[in-house]
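Start from the sequences, fold in the hints, and give me the full structure.
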Amino acid sequence: MKKPEIDVSGVREAGAVGSGKRKGAREQIFELRDLTVKYAGQTAVKGVTMEIARNEITALIGPSGCGKSTLIRCLNRMNDLIPTATVEGQCLYHGQDLYGPQIDPVEVRKRIGMVFQKPNPFPKSIFDNIAFGPRVLGYEDVEERVERALKAAALWDEVKDRLDSNAYGMSGGQQQRLCIARCIAVDPDVILMDEPCSALDPISTGKIEDLMIELKDEFSIVIVTHNMQQAARVSDRTAFLIVELSASEKERWGELIEYDETDRIFTNPSDSRTEDYVTGKVG
Amino acid sequence: MPRMPGPMAERTRLATAGAHAAVVGNLGRQPRGDVWRGNLFFALLLFAVGLALLGLVALIVQSALKGAPAFSTDLFTEGPSRVNPDQAGFRPAIIGSLYLIAGVVLLIVPLGVGAAIYLEEYADGTRWWNRVIELNIQNLAAVPSIIYGILGLAFFVRGPLDLNFVVAAGSLTLALLVLPTVILAAREAIRAVPSSIREGSLALGATQWQTIRRQVLPASIPGIVTGVILAVSRALGEAAPLLLVGAATFVTADQPNPFEGGYTAMPVQIFNYALQPQDEFRVIAAAGVVVMLIVLLAMNSFAVWLRNRYEQQW
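Top to bottom, those sequences are chains D and G. Going by this note's numbering, the first sequence opens with residue 1, and the numbers climb by one from there. Going by this note's numbering, the second sequence opens with residue 284, and the numbers climb by one from there.
For the record, the hints were derived by calculation from the structure and aren't laboratory data. Do not rely on the hints blindly, as some may be mistaken.
[Said to hold, decoys possible] Cβ-Cβ distance ranges computed for the label pairs, FRET-style: (1) D:Tyr168 x G:Leu394: 46 to 52 angstroms; (2) G:Phe325 x D:Gln42: 46 to 52 angstroms; (3) D:Gln42 x G:Val578: 42 to 48 angstroms; (4) D:Tyr39 x G:Arg474: 18 to 24 angstroms; (5) D:Gln42 x G:Glu293: 54 to 60 angstroms; (6) D:Thr267 x G:Glu417: 41 to 47 angstroms; (7) D:Val142 x G:Thr490: 35 to 41 angstroms; (8) D:Glu143 x G:Pro393: 46 to 52 angstroms; (9) D:Val142 x G:Ile504: 33 to 39 angstroms; (10) D:Thr84 x G:Asn322: 48 to 54 angstroms.
[Unchecked claim] Partial list, derived from the structure: chain D residues whose beta carbon lies under 7 angstroms from chain G: (11) Pro123; (12) Val136; (13) Leu137.
From a predicted model like this one, the values you see are computed outputs, not experimental measurements. Note that beta-carbon positions come from the ideal geometry of N, C-alpha and C, so glycine has one too.
Here it is in structure tokens:
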């Protein structure tokens, strides 16, 4: 069976210069149109319409249960792993609907990587952790990729002498940077991060934030975070979601309230609910 | 920090005293009846454990004492004899058991692991047929072994496969018998691999099969191997189904081909010696019991060691 290809040819070339003159023409990589996700009929997030730009960090913030994680998991079809999840509306990636009938989720995930809340290194050596992706995707230059990825994740100097030791011997922050390196090693187009720092101490968190800012020249990053300061520090644009309650109070779902440049969201939001949240009045 | 003003300090003192009283009330000695009941229960538990251990020790000691005169290399090198107990041994039985076990391992590893992978990774648990399969496997694990013997006789010895009374038929029957145990153990081991590992692998663009093959299976191998060893040690000790599928009680020659000729196995041979009227043969049976117990204990200990040594802490 031939796998349908997602056409991203020419995208990377455009991106190389794109980061320099981003202000002029922002290139959109994702376009969500009226996206609704349900788990076993229960709406988790409803009617999200937004665009996500290339070589930017886009943050999703909001209270617990607002569907941030659900939303980000739509972007690389990780929600497919939950059998009861259904997706309505459109989720366009470079103009192609990720949920179209021709799309193979495996191909999607090759281009759109993900870093999870809890560091999840494989029970293998540091080298094998990074090499896993390139190996299963059949790349030849596994060793160079491992070195490049570890350098890009600012981990090379810390681990270059113990590449053969088990990844479980690393600290939590190192493990999370290893997971980022693992993701970089397969050269994705986008990196999705689902609360990547929530299990880490402030120093490790700072390192990962620095890393994100460095990586955005090369990748587009979408991050879910509980931490508003983090969104304010690293992101270019911020989307704010809230939990909406039905009139009968029986059902609750997440809705996108405001999506704008991060500076505006935190200094001059147009919706009062956003203001209440970012100033700490609620949530 | 400045010292607290007077009234506050007084209140603090009172609160501390109250807390102290509460702690003494709650954590002091309990009523005598409770202590007594607790000790009695503990004693009962010790008794239960002791009884189980005593049974095992008594079995080993009794067999060892009784079989002591027969311990010699003859036990392993000689075949059975009806007339001369001095020259009777277990050679064909040991070889037969090794053949049986080899066949069982060849059958249960791919089938058991395959079924476990299907049930854990692919099967949709909400579908009724998957639930039926699951329920059946659990029930099959509790079916008496003689039933498998009859099944083996009907399907492997006669019937569709028509193998006759050969080692292969014995292996097939024993494999069926222990397959549910292996599937259950392998499922446990696969389920113990956290879903975050699967997600991490899939998020890199690995296919489901690559994820299973390169992440889930390697991480669950210790558990699977442990389950296989325990299943094999059960198969090794089974006599009842083998009697039905043709493990003869009197085989003198080594049988190199698993698809022809009669065979025997350790438990069957022990059974046979124990039935003989002469006391000397019962001594050999006791010695055989000791040999089997040692092999089984060694296998089970190895399984425990393996599990402790390689078990992944998540």
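Handout entry: Outcome for the supplied range 35 to 41 angstroms, where the beta carbon pair is D:Val142 and G:Thr490
Key = 18 angstroms, violated
Practice task
Look at the Cβ atoms of D:Thr84 and G:Asn322 and judge whether their distance stays inside 48 to 54 angstroms.
Solution key: 51 angstroms, holds
Practice task
Indicate whether the distance between the beta carbons of D:Tyr168 and G:Leu394 respects the range 46 to 52 angstroms.
Solution key: 33 angstroms, violated
Exercise for the section: Look at the Cβ atoms of D:Gln42 and G:Val578 and judge whether their distance stays inside 42 to 48 angstroms. Expected result: Violated: the Cβ-Cβ distance is about 56 angstroms, outside 42 to 48 angstroms.
Handout entry: Hint check, D:Leu137 versus chain G [nearest Cβ-Cβ separation less than 7 angstroms]
Key = 6 angstroms, holds
Exercise for the section: Report holds or violated for the interface hint on D:Pro123, using the least CB-CB distance to chain G and a cut-off of 7 angstroms. Expected result: 5 angstroms, holds
Exercise for the section: Using the Cβ atoms, figure out if D:Val142 sits within 33 to 39 angstroms of G:Ile504. Expected result: 23 angstroms, violated
Problem - CB-CB spacing for D:Gln42 and G:Phe325 relative to the 46 to 52 angstroms hint - result: 49 angstroms, holds
Handout entry: Satisfaction of the hinted span 41 to 47 angstroms by the C-beta atoms belonging to D:Thr267 and G:Glu417
Key = 57 angstroms, violated
Exercise for the section: Return holds or violated for the Cβ distance of D:Gln42 and G:Glu293 against the range 54 to 60 angstroms. Expected result: 55 angstroms, holds
Problem - Supplied distance hint 46 to 52 angstroms, evaluated on CB atoms of D:Glu143 and G:Pro393 - result: Violated: the Cβ-Cβ distance is about 34 angstroms, outside 46 to 52 angstroms.
Problem - Cβ separation of D:Tyr39 and G:Arg474, checked against the hinted range 18 to 24 angstroms - result: 22 angstroms, holds
Going down the numbered hints, you'll see the structure goes against 1, 3, 6, 7, 8, 9, while the others check out.
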